[in-house]
Amino acid sequence: MSVEFDRKIHDTLGDANLQLAIYTSTARLKQGRIALVGDEALPDYQELRTQANAIKKHTIENLDHYLEEFERNVVARGGKVVYCKDGTEVSDFILGLAKERGARLIVKSKSMTTEEVDLNERLEHHGLESVETDLGEYIMQLAHEKPYHIVAPALHKTRYDVAELFTRNLHVPNETVIEKQTMLARRVLREKFLAADIGISGANFLVADSGAIVLVENEGNARLTTSAPKIHIAVAGIEKVIPRAQDLAVFLKLLARSATGQLLSVYTSFLAGARRPGEIDGPDEFYVILLDNGRTRLLPDREKRQTLYCIRCGACLNTCPVYRKIGGHSFPWVYSGPIGAILTPQFMGVSHEPGLPFASSLCGACGEVCPVKIDIPKILLDLRSDVKKAEARDGQNRLEKLAFRVFAWLMTHPRLYEMAGRIAASLAPGGDGKWISSVPAPLNLPPVRAWLSQRDLPPPPAQSFREQWRRRQ
Amino acid sequence: MVDQLFPKVGMAMASVLEQLGYQVDFPENQTCCGQPAFNSGYRDEARTVARHFLKTFENYPRIVVPSGSCTSMIVHHFAELFRKEPQTLDRVHDLEKRVFEFSTFLTEIARVEDVGARLDEVVTFHDGCHSLRELGIRNAPRRLLAHVRGLELREMQPSEECCGFGGTFAVKFAELSGAMARTKLDAILETGASTVVSLDPSCLMQIQGALSRAGKPVRTLHLAEVLASR
Amino acid sequence: MIRDHILHRIRTALGRSAGQAVADPPPVRLVLPDVDPEARVRSFTLRLETLAGKVHRVATKEEARALVAAAIEGKTAVASNAPYLAECGIASLPGVESGITGRDRMQERCSAVDVGIGSADYMLADTGTLVMLSSAQEARLVSLLPPAHIAVVPLERMLTGLEELFTLLPRPAELTSSMVLITGPSRTADIEQILVRGVHGPGQITVILVG
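Protein chains in written order, with my numbering: chain A, 1 to 473; chain B, 1 to 230; chain C, 1 to 211.
Each statement offered as a hint is correct.
Straight-line C-alpha distance at most 25 Å; calculated SDA-like pairs for lysine to any residue:
no., chain 1, residue 1, chain 2, residue 2
1, B, K172, A, M1
2, C, K54, A, E179
3, B, K8, B, T195
4, A, K57, A, E368
5, A, K180, C, S111
6, A, K85, C, L14
7, B, K55, A, E418
8, B, K172, A, H329
9, A, K8, B, E161
10, B, K8, A, I436
11, B, K8, A, S426
12, A, K378, B, F82
13, B, K55, A, L416
14, B, K8, A, L410
15, B, K216, A, L20
16, B, K172, A, L410
17, A, K378, B, T88
18, A, K8, B, E175
19, A, K180, C, T50
20, B, K172, A, A392
21, A, K230, C, G99
22, B, K84, A, A390
23, A, K230, C, R109
24, B, K216, A, S438
25, A, K401, A, M1
26, A, K8, B, T183
27, B, K216, A, P460
28, A, K57, C, P26
29, B, K8, B, Y60
30, B, K172, A, G355
31, A, K30, B, G136
32, A, K180, C, Q204
33, A, K304, C, R16
Which residues of chain B face chain A? A few of them, derived with a C-beta cut under 8 Å, are:
no., residue
34, N29
35, T31
36, A210
37, S212
No lab work stands behind these hints: they were computed from the structure. Predicted model, so just to flag it, every value in this text is computed and none were measured. Glycine included, every Cβ here is placed at the ideal spot set by N, Cα and C.
For reference, chain A alone in the conformation it holds in the complex (with noise of 0.2 Å):
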């Protein structure tokens, strides 16, 4: 793994307070989901996963058809579809038709797809305030940090943190209640979206008989970003595509399950275009970005596309152990947790942090929650097995090659590995049984000392099994 990576994580395990916002922030939301999944609250919950991975499945497997079913219906109505490969091409699209509008300010709800392409740093770069209207993201913005958590972005930060960025940002006193700093937030958030020109959201699903967008939420910004300015683009991963609009039933049903442990968000605002003759209120033009920037290169592979059907809901963030201990900054890039460990190789190549995929002690406890069935483990070794091969091509990591060789080569010679066997216990202190803190130094070799730092290693036994069974015999 990188040095940036062991970093990372070494700094997040040793602060404490943070471990404390983490484990406790995940618990909430993981014994939420547990609660509303159980047998009594959702009988037949594992048939809908069945039913959603099917589904996500047909779609996937037939991309094509879906993306043009869905731009056909967004056409009919006066709506737009552009198509766009990657983060330039979205912000050229935005910046000029901005440029056409004379906008000026634009309000976004939350969308990791635009995270993944910095859609914010872009636009302020070409002199557009684009302002963030999810609490958590609007905090993230002022900290000008990634989120932390797919569902949580400001998982983090305390109310202290929070008094001082907005002291700082918005020169108002300083102010640690969290209700009352919700309402300034509230307050100043209003302004912006009463004043917007353009209002920017993601989607959760795209649907592609309605040709509508769906979004999900709990505050209501998005709702207002997409009903009090003229203009509202949806930027969303082209994976987003379902069928119908009944297959709504099956995925509503199992996201806020599984992201918050609520039954349904507070808002679900199944959207289609502008608004139609006679509605009195709602944008004027609407516009779908569908976006690749990768998402295509996941999908020659059988297994692997599988990624591709994530609905974004942040259960298996919630119930890793890993995830749970180095949060979400650990991560190099806007996805975190087992989803991000899959999809970030993919989009970004094995090479961009080879560590990743082995961040996990594959315990598989993410595609246990996965309302899709994403068998995350599996993807998890394959990328291992990527990583490995990438290696050998670039001749890195030889002597890990040599030992794993050496391991092989034992591993078939019986007399051989009993022989090294007999040696390595020789070697090592003990022989009153006494569990062991350290060894000398022929045996310290980088893995013993790995082990070492963090807890005690066996004593060698007097006699292995095999001595043992044949004096058995």
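Following the hints, put chains B and C in place on chain A, whose structure we already have.
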């Protein structure tokens, strides 16, 4: 691992099986299932070791394994390794039917829950991830423990969180693995149990290693050792 | 053209050709539970009250009107143009502004008043949800901008849940540009996981069930 580090586990398992009337054999050529290489991304090396395993155990109708993770490697991942070799794949599928994790063997093949064991201890059970999630084992060990005379089982809250071993993860991400172990320790100590029982020597090594480093008197036992106690 | 390029990449990756037919998507089994109307009301009430919403049940439109009058006493309100509100005589209550059809005025008034009053197209019993379709009768902002939201809805619009909704309305896009499912007051727990209500949408929601 059992062979070199925890022979007591192997002896205990053999003893329990013999008590039940089985003839127990230990093919000397066996070494490893190849999991460390597989999990580290070295598929060719894993395949080499797996091939050796296949050959070693070719003719045994029933193979009992005192480890959930090894069992899982064999029954879930060998097929992946030999995907491109149809003939070997057939042998793998045959092997899959003959391999059993120890507690599963007792409850489902031998069909026993009471092996006549006795252990006067307060015990807590750690559900290893491979056993739990890849093999679906939860009840079998608990039913077996329920029949051990003098044993009181107290469940950890939660019992299902990873101990942090994860194979080479334990040394590649040592500090993180250690942190996960310490969280596990908190749950264990909370129960007041004097002994932690599990199906996996690797989990036991991680947990006992952490307990020992923390200076805690709690000890670990493999299920086989508990069931062999009289 | 980027569009064609991306679609081409997708097809190549999937081994599909342009215009190639697609098998039907997996069928979605919309099972409609058998729940009698009274049980639906109980469920709806329980769910919404758990979320700190308020639910009142009245037998007549007159009672509904009286309840709303009491709730908005001393406050300013905007009422949507829902025919049901007019039937209940709510649109003409003192302090209530109704009949707004222009967007700018709607936005201006909704940002200024204390209460937004509307009806709803449907309700979902198993989650305590209001289903609101945007139309000439119901503007989006009435249930969004004011800090309090009151919905007056006849009982017969109570459905069992999402399955029934999507069975009745398999194609919402044909009817409206915006169908919103509202389940309780606006909320966030973004700071230290402490729950705060009314962060952008209304912090108070009251549903008056009539029938």
